[in-house]
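J.: The lines below spell out each chain.
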Amino acid sequence: MSSAPEEMIIEAGKAERHYWRDLWRYRELLGFLAWRDVRVRYKQAALGLSWAIIQPVVTTVIFTVLFGRLAKMPDGGVPYPLIVLSGLLAWQLFANSLGGSSGSLVANSSLISKVYFPRLIVPLAALGVAVIDFSVVLVLFIAVSLFYGWLPGPQILLLPLFILMALAAAIGAGLWFTALTVKFRDFRFIVPFILQVGVFVTPVGFRTDFFPSWRQLMALNPMTSVVDGFRWCLLGGAQDIDPLGLAFGCGVILFGVFSGVWYFRRTEKRFADII
Amino acid sequence: MSAVTVQDLSKRYIISHQQTADTMRDALGQGVTRIWQSLRRRRRQSEEFWAVRDLSFAIPEGQVVGLIGHNGAGKSTVLKLLSRITEPTTGTIKLNGRVASLLEVGTGFHPELSGRENIFLNGAILGMTRREIERKFDEIVEFAEIERFLDTPVKRYSSGMYVRLAFGVAAHLDPEILIVDEVLAVGDQKFQDKCLGKMRDVSRQEGRTVFFVSHNLVATQSLCSRVMLMQAGRKVFDGEPTETVARYLQASSTSPEDGGKAMYHGGETAVRVNRLEFRAAAGADVIRVELGLRSSESRELAVELILTDAMGTPLALADRGTLDGDLRETIPAGESQQSWLMEVNQMANGAYRLVIQLVDPYAHVVLRYEHPQTVTIARAPRAGASRVLELNWQAGAVELPLRRE
Numbered sequence: 001m002s003s004a005p006e007e008m009i010i011e012a013g014k015a016e017r018h019y020w021r022d023l024w025r026y027r028e029l030l031g032f033l034a035w036r037d038v039r040v041r042y043k044q045a046a047l048g049l050s051w052a053i054i055q056p057v058v059t060t061v062i063f064t065v066l067f068g069r070l071a072k073m074p075d076g077g078v079p080y081p082l083i084v085l086s087g088l089l090a091w092q093l094f095a096n097s098l099g100g101s102s103g104s105l106v107a108n109s110s111l112i113s114k115v116y117f118p119r120l121i122v123p124l125a126a127l128g129v130a131v132i133d134f135s136v137v138l139v140l141f142i143a144v145s146l147f148y149g150w151l152p153g154p155q156i157l158l159l160p161l162f163i164l165m166a167l168a169a170a171i172g173a174g175l176w177f178t179a180l181t182v183k184f185r186d187f188r189f190i191v192p193f194i195l196q197v198g199v200f201v202t203p204v205g206f207r208t209d210f211f212p213s214w215r216q217l218m219a220l221n222p223m224t225s226v227v228d229g230f231r232w233c234l235l236g237g238a239q240d241i242d243p244l245g246l247a248f249g250c251g252v253i254l255f256g257v258f259s260g261v262w263y264f265r266r267t268e269k270r271f272a273d274i275i
Numbered sequence: 001m002s003a004v005t006v007q008d009l010s011k012r013y014i015i016s017h018q019q020t021a022d023t024m025r026d027a028l029g030q031g032v033t034r035i036w037q038s039l040r041r042r043r044r045q046s047e048e049f050w051a052v053r054d055l056s057f058a059i060p061e062g063q064v065v066g067l068i069g070h071n072g073a074g075k076s077t078v079l080k081l082l083s084r085i086t087e088p089t090t091g092t093i094k095l096n097g098r099v100a101s102l103l104e105v106g107t108g109f110h111p112e113l114s115g116r117e118n119i120f121l122n123g124a125i126l127g128m129t130r131r132e133i134e135r136k137f138d139e140i141v142e143f144a145e146i147e148r149f150l151d152t153p154v155k156r157y158s159s160g161m162y163v164r165l166a167f168g169v170a171a172h173l174d175p176e177i178l179i180v181d182e183v184l185a186v187g188d189q190k191f192q193d194k195c196l197g198k199m200r201d202v203s204r205q206e207g208r209t210v211f212f213v214s215h216n217l218v219a220t221q222s223l224c225s226r227v228m229l230m231q232a233g234r235k236v237f238d239g240e241p242t243e244t245v246a247r248y249l250q251a252s253s254t255s256p257e258d259g260g261k262a263m264y265h266g267g268e269t270a271v272r273v274n275r276l277e278f279r280a281a282a283g284a285d286v287i288r289v290e291l292g293l294r295s296s297e298s299r300e301l302a303v304e305l306i307l308t309d310a311m312g313t314p315l316a317l318a319d320r321g322t323l324d325g326d327l328r329e330t331i332p333a334g335e336s337q338q339s340w341l342m343e344v345n346q347m348a349n350g351a352y353r354l355v356i357q358l359v360d361p362y363a364h365v366v367l368r369y370e371h372p373q374t375v376t377i378a379r380a381p382r383a384g385a386s387r388v389l390e391l392n393w394q395a396g397a398v399e400l401p402l403r404r405e
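Chains as they are written, first to last, in my numbering: chain A, 1 to 275; chain B, 1 to 405.
Simulated from the structure, these hints should not be mistaken for lab results. Note that the Cβ used here is the ideal one computed from N, Cα and C, for glycine as well. Treat the hints with care, since some could be wrong.
Label pairs and their calculated CB-CB ranges [said to hold, decoys possible]:
#1 Lys269(A) with Gly283(B): 50 to 60 Å
#2 Leu244(A) with Arg116(B): 46 to 56 Å
#3 Met8(A) with Gly267(B): 20 to 30 Å
Facing chain B, from chain A, some residues (calculated, C-beta under 10 Å) [said to hold, decoys possible]:
#4 Phe32
#5 Asn108
#6 Ser110
#7 Phe117
#8 Leu151
#9 Arg265
Straight line, CA to CA, 20 Å or less: simulated EDC-like cross-link-like pairs of lysine to aspartate or glutamate [stated by the list, open to error]:
#10 Lys155(B) with Asp360(B)
#11 Lys114(A) with Asp151(B)
#12 Lys183(A) with Glu297(B)
#13 Lys43(A) with Glu48(B)
#14 Lys183(A) with Glu61(B)
#15 Lys114(A) with Glu87(B)
#16 Lys94(B) with Glu7(A)
#17 Lys198(B) with Glu104(B)
#18 Lys269(A) with Glu87(B)
#19 Lys114(A) with Glu104(B)
#20 Lys269(A) with Glu48(B)
#21 Lys43(A) with Asp151(B)
#22 Lys194(B) with Glu139(B)
#23 Lys114(A) with Asp238(B)
#24 Lys94(B) with Asp22(A)
#25 Lys114(A) with Glu268(B)
#26 Lys94(B) with Asp54(B)
#27 Lys194(B) with Glu142(B)
#28 Lys183(A) with Glu87(B)
#29 Lys198(B) with Glu132(B)
#30 Lys114(A) with Asp174(B)
#31 Lys136(B) with Glu7(A)
#32 Lys94(B) with Glu11(A)
#33 Lys269(A) with Glu112(B)
Whenever a hint applies, use it, and build me the whole structure from the sequences.
T.: Following this line, the structure appears as structure tokens:
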């Protein structure tokens with residue numbers, strides 16, 4: 001921080017005055033909190049890393065058998081494990097981000113009642129672990145696609161946009177849930193339930209482009225367009241994108257982010273009083 | 001110029017007399033009841049509680065100011081307001097200069113991380129930049145005397161090492177305005193002196209402004225050049241340390257109790273004293289304390305019962321789990337009762353105050369409660385003796401056996 005004298009005025013009802021400036025000023029804390037979570041998770045390197053890999057591998061095997069072999073979903077010539085793994089990449093990034101951010105305030109309650117900082121940092125920092133886990137699975141995906149000799153096309157360059165979209169979807173919902181959990185503790189049971197149902201409502205295990213009549217219904221779930229986008233980028237255009245669904249998904253996600261920030265900001269002043 | 005200016009500061013909490021909804025299920029249930037009630041034109045009972053009321057003061061640059069008062073006088077709320085943790089209901093606070101507030105030592109320490117990692121984490125939480133922490137890293141390590149354990153996870157630290165490291169980081173914050181809660185009541189005497197010395201340096205040599213809240217009247221008197229007294233949310237006196245302390249003591253001897261009804265004190269983990277009495281029996285004089293405990297979760301904590309004199313100087317400790325960590329008590333979630341017997345066979349006769357502390361394995365004082373009522377020890381003389389040491393002889397608080405070798 002600067003050593004120049006600074007003046008600060010705290011006034012009733014005017015806490016937000018410095019908010020966005022403070023958020024920028026506390027960016028290092030954001031980094032440290034994310035780093036702490038990652039460090040703790042991967043502290044025992046072997047266990048942390050293997051856990052990040054075992055989960056997607058097992059899910060991929062199960063979904064490949066379930067959707068590819070038993071249900072005989074069409075694959076359009078793409079090796080089925082790649083279809084599952086690309087969907088899983090998107091879904092896990094979303095699920096881990098949402099799970100982490102929605103529990104973040106209560107998990108950090110001792111910090112919130114003892115130190116000031118823009119509270120928005122807490123759910124944002126929770127995304128760090130999800131992103132690291134995602135990178136591990138991404139490496140796994142690259143290894144598996146090399147094994148099948150499947151190379152992505154130029155679409156891969158747009159993957160970062162869809163990664164952002166998954167994170168935005170998670171943080172929008174996460175801000176709502178984490179703020180609500182401070183007030184109503186039973187909200188923490190809702191998120192695991194949503195994620196449990198979500199993995200089946202979202203086309204993680206199958207391609208949507210073979211079911212044109214179902215596509216609009218599926219597009220009501222904004223994560224469908226994220227998963228489609230991931231497949232479009234990672235499978236070299238073997239799957240197309242439904243532009244209408246994508247536009248709708250972006251709209252829903254943006255609404256989620258803005259309303260999430262609005263609700264979070266509205267309630268955050270009272271976190272320290274009720275947490 | 002004033003470093004801190006507080007104008008008409010107030011903080012109101014709303015206490016709902018109906019069970020507040022802590023879960024969504026309850027809220028939905030209550031929602032239905034509320035609609036029903038509003039149909040019948042009955043209003044929910046809720047009460048305003050002003051934790052701080054119309055507080056104004058100014059602290060010139062470089063002054064060390066103390067704030068004292070009984071439980072519930074509003075001290076902690078003032079600290080939280082000054083630290084921006086909670087928002088004022090009315091009024092303004094003007095802070096001129098870089099502020100560091102220290103409401104707890106070791107906020108955000110993670111037991112799995114090493115000492116080195118925790119220095120960076122805790123520093124960032126207290127508002128230091130990475131570069132500042134790097135610059136002061138060696139000084140912090142030296143101050144805390146933990147060189148050899150830098151890469152050990154802090155969960156393996158002794159509580160003394162833990163506290164030294166935590167205070168080490170805090171002591172190197174280098175703010176222009178330092179806001180401190182009673183965090184000095186930890187660690188051994190040598191280390192406490194070191195911390196007090198550091199705070200004195202900070203104010204005298206470096207011209208820093210310090211705002212200090214404490215239960216320890218002696219420390220407050222020795223450290224501060226001005227002390228404010230709060231009572232029921234209002235400032236009732238502001239002046240010379242000795243005079244403020246005198247008024248505090250006077251107020252405490254005349255202040256009415258909570259109407260005879262014990263109330264819980266504390267946040268997530270709370271305590272109340274249901275009964276406090278001295279019991280004399282042949283060779284086993286005890287103080288018996290009945291505690292009511294309430295906790296949001298099951299916790300393993302050390303229970304400390306501390307006898308102090310009227311000035312708040314600690315005289316004796318009876319503990320469960322502090323000296324021997326294996327003896328910590330499991331405080332169950334929800335409400336529970338505990339009765340304790342403190343043997344006082346050697347204590348001087350006289351009036352004592354009781355302080356109850358619940359301490360977690362990292363030496364964090366989870367809860368500190370000073371019971372407002374005094375307890376009077378009135379022992380009969382030991383076998384063969386004709387008198388009992390009296391506290392007001394000013395000869396000490398403990399009778400020790402003396403033998404000729």
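J.: Each of the hints needs a verdict: does it hold here or not?
T.: How the hints compare with the structure:
{"no.": "1", "hint": "Lys269(A) with Gly283(B): 50 to 60 Å", "result": "58 Å, holds"}
{"no.": "2", "hint": "Leu244(A) with Arg116(B): 46 to 56 Å", "result": "53 Å, holds"}
{"no.": "3", "hint": "Met8(A) with Gly267(B): 20 to 30 Å", "result": "27 Å, holds"}
{"no.": "4", "hint": "Phe32", "result": "4 Å, holds"}
{"no.": "5", "hint": "Asn108", "result": "8 Å, holds"}
{"no.": "6", "hint": "Ser110", "result": "7 Å, holds"}
{"no.": "7", "hint": "Phe117", "result": "8 Å, holds"}
{"no.": "8", "hint": "Leu151", "result": "40 Å, violated"}
{"no.": "9", "hint": "Arg265", "result": "13 Å, violated"}
{"no.": "10", "hint": "Lys155(B) with Asp360(B)", "result": "12 Å, holds"}
{"no.": "11", "hint": "Lys114(A) with Asp151(B)", "result": "26 Å, violated"}
{"no.": "12", "hint": "Lys183(A) with Glu297(B)", "result": "16 Å, holds"}
{"no.": "13", "hint": "Lys43(A) with Glu48(B)", "result": "48 Å, violated"}
{"no.": "14", "hint": "Lys183(A) with Glu61(B)", "result": "40 Å, violated"}
{"no.": "15", "hint": "Lys114(A) with Glu87(B)", "result": "14 Å, holds"}
{"no.": "16", "hint": "Lys94(B) with Glu7(A)", "result": "7 Å, holds"}
{"no.": "17", "hint": "Lys198(B) with Glu104(B)", "result": "17 Å, holds"}
{"no.": "18", "hint": "Lys269(A) with Glu87(B)", "result": "7 Å, holds"}
{"no.": "19", "hint": "Lys114(A) with Glu104(B)", "result": "7 Å, holds"}
{"no.": "20", "hint": "Lys269(A) with Glu48(B)", "result": "18 Å, holds"}
{"no.": "21", "hint": "Lys43(A) with Asp151(B)", "result": "13 Å, holds"}
{"no.": "22", "hint": "Lys194(B) with Glu139(B)", "result": "14 Å, holds"}
{"no.": "23", "hint": "Lys114(A) with Asp238(B)", "result": "26 Å, violated"}
{"no.": "24", "hint": "Lys94(B) with Asp22(A)", "result": "17 Å, holds"}
{"no.": "25", "hint": "Lys114(A) with Glu268(B)", "result": "13 Å, holds"}
{"no.": "26", "hint": "Lys94(B) with Asp54(B)", "result": "15 Å, holds"}
{"no.": "27", "hint": "Lys194(B) with Glu142(B)", "result": "13 Å, holds"}
{"no.": "28", "hint": "Lys183(A) with Glu87(B)", "result": "17 Å, holds"}
{"no.": "29", "hint": "Lys198(B) with Glu132(B)", "result": "19 Å, holds"}
{"no.": "30", "hint": "Lys114(A) with Asp174(B)", "result": "19 Å, holds"}
{"no.": "31", "hint": "Lys136(B) with Glu7(A)", "result": "25 Å, violated"}
{"no.": "32", "hint": "Lys94(B) with Glu11(A)", "result": "9 Å, holds"}
{"no.": "33", "hint": "Lys269(A) with Glu112(B)", "result": "30 Å, violated"}
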